[in-house]
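> Given the sequences, and given the hints that come with them, work out the whole structure.
What follows is the residue order along each chain.
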Amino acid sequence: GESVGLHLPTLSVQEGDNSIINCAYSNSASDYFIWYKQESGKGPQFIIDIRSNMDKRQGQRVTVLLNKTVKHLSLQIAATQPGDSAVYFCAERIISGGYNKLIFGAGTRLAVHP
Amino acid sequence: GAVVSQHPSWVICKSGTSVKIECRSLDFQATTMFWYRQFPKQSLMLMATSNEGSKATYEQGVEKDKFLINHASLTLSTLTVTSAHPEDSSFYICSAPGQGAWKTEAFFGQGTRLTVV
Chain A
1 GESVGLHLPT LSVQEGDNSI INCAYSNSAS DYFIWYKQES GKGPQFIIDI RSNMDKRQGQ
61 RVTVLLNKTV KHLSLQIAAT QPGDSAVYFC AERIISGGYN KLIFGAGTRL AVHP
Chain B
1 GAVVSQHPSW VICKSGTSVK IECRSLDFQA TTMFWYRQFP KQSLMLMATS NEGSKATYEQ
61 GVEKDKFLIN HASLTLSTLT VTSAHPEDSS FYICSAPGQG AWKTEAFFGQ GTRLTVV
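Line by line, the protein sequences give chains A and B.
For the first sequence, counting from 1, position 3 maps to 3 in our numbering; every step adds exactly one.
For the second sequence, counting from 1, position 85 maps to 85 in our numbering; every step adds exactly one.
Hints listed in this document are in silico derivations from the structure and should not be mistaken for laboratory results.
Hints may be right or wrong, so weigh each one.
Pulled a few chain B residues facing chain A out of the computed Cβ check, cut under 8 Å [as the list claims (entries may be wrong)]: (1) Thr32; (2) Lys41; (3) Glu52; (4) Pro97; (5) Val117.
Straight-line C-alpha distance at most 25 Å; calculated PhoX-like pairs for lysine-lysine [claimed, not checked]: (6) Lys64(B) / Lys20(B); (7) Lys66(B) / Lys41(B); (8) Lys41(B) / Lys42(A); (9) Lys20(B) / Lys42(A); (10) Lys66(B) / Lys56(A); (11) Lys55(B) / Lys20(B); (12) Lys71(A) / Lys56(A); (13) Lys66(B) / Lys55(B); (14) Lys71(A) / Lys41(B); (15) Lys56(A) / Lys68(A); (16) Lys55(B) / Lys14(B); (17) Lys41(B) / Lys55(B).
All residues carry an ideal CB built from backbone N, CA and C; glycine is no exception.
The structure is reproduced here in structure tokens:
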């Protein structure tokens, strides 16, 4: 079926360091790419999104980069904090059957150590 | 932002019984809701799209007779897992697409942990 991302790796970082989480996608027809944060036992939380015609977008402590040539998306978190520990998913929004659907990647677990 | 409330947050049921999960949009109307399933340490897999006033659209490989979806009103969608078996144990999450100022967002419920014993 449709898929975004390849596996569920774990990224371990020290508190205060910058984190970079990567994602590969497969569908070229998406108009938006979104990053979500999911804490254990909870639903995903929106972090930041980027339109397909952009290559970079910045938010508060987060930056998303989009490289459509290689179908790659990344999330950069500056000055990573213990509260950032969670699983991060990229998702792409596609139109299928007349509806906007979100297709999620496999996710990356971010572990922040003091 | 908009709020989507999902209930129950967890449920344990016996094999062969049915379980209903509710998803409500609290401060907006949702003509469409999405239902996802998430197994441990895996990603969210879209199961179906529920549409108010019409039949749900199921993703390939999802049994529509097993996972009954009803979008009874503009604020309520339900997923019923019928004749549940242990392999149906999973985390089920609903979401509603963003609207207006939050158009690119999707708002997720808190999820329901289903354990079938």
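> It remains to establish, for every hint, whether it holds in the given structure.
Structure-based check of all given hints:
1. Thr32: This hint holds: Thr32(B) lies near chain A, its Cβ roughly 6 Å from the closest one there, short of 8 Å.
2. Lys41: With a closest approach of 6 Å, the Lys41(B) hint holds.
3. Glu52: violated (13 Å)
4. Pro97: holds (6 Å)
5. Val117: violated (19 Å)
6. Lys64(B) / Lys20(B): holds (14 Å)
7. Lys66(B) / Lys41(B): Between Lys66(B) and Lys41(B) the Cα gap is close to 24 Å, so the pair holds against 25 Å.
8. Lys41(B) / Lys42(A): Holds, at roughly 13 Å.
9. Lys20(B) / Lys42(A): holds (19 Å)
10. Lys66(B) / Lys56(A): violated (43 Å)
11. Lys55(B) / Lys20(B): Judged against 25 Å, a Cα distance of about 17 Å means the pair holds.
12. Lys71(A) / Lys56(A): holds (14 Å)
13. Lys66(B) / Lys55(B): Holds, because 15 Å separates the two Cα atoms, which is no more than 25 Å.
14. Lys71(A) / Lys41(B): holds (24 Å)
15. Lys56(A) / Lys68(A): holds (11 Å)
16. Lys55(B) / Lys14(B): Status violated; Cα separation ~28 Å.
17. Lys41(B) / Lys55(B): violated (31 Å)
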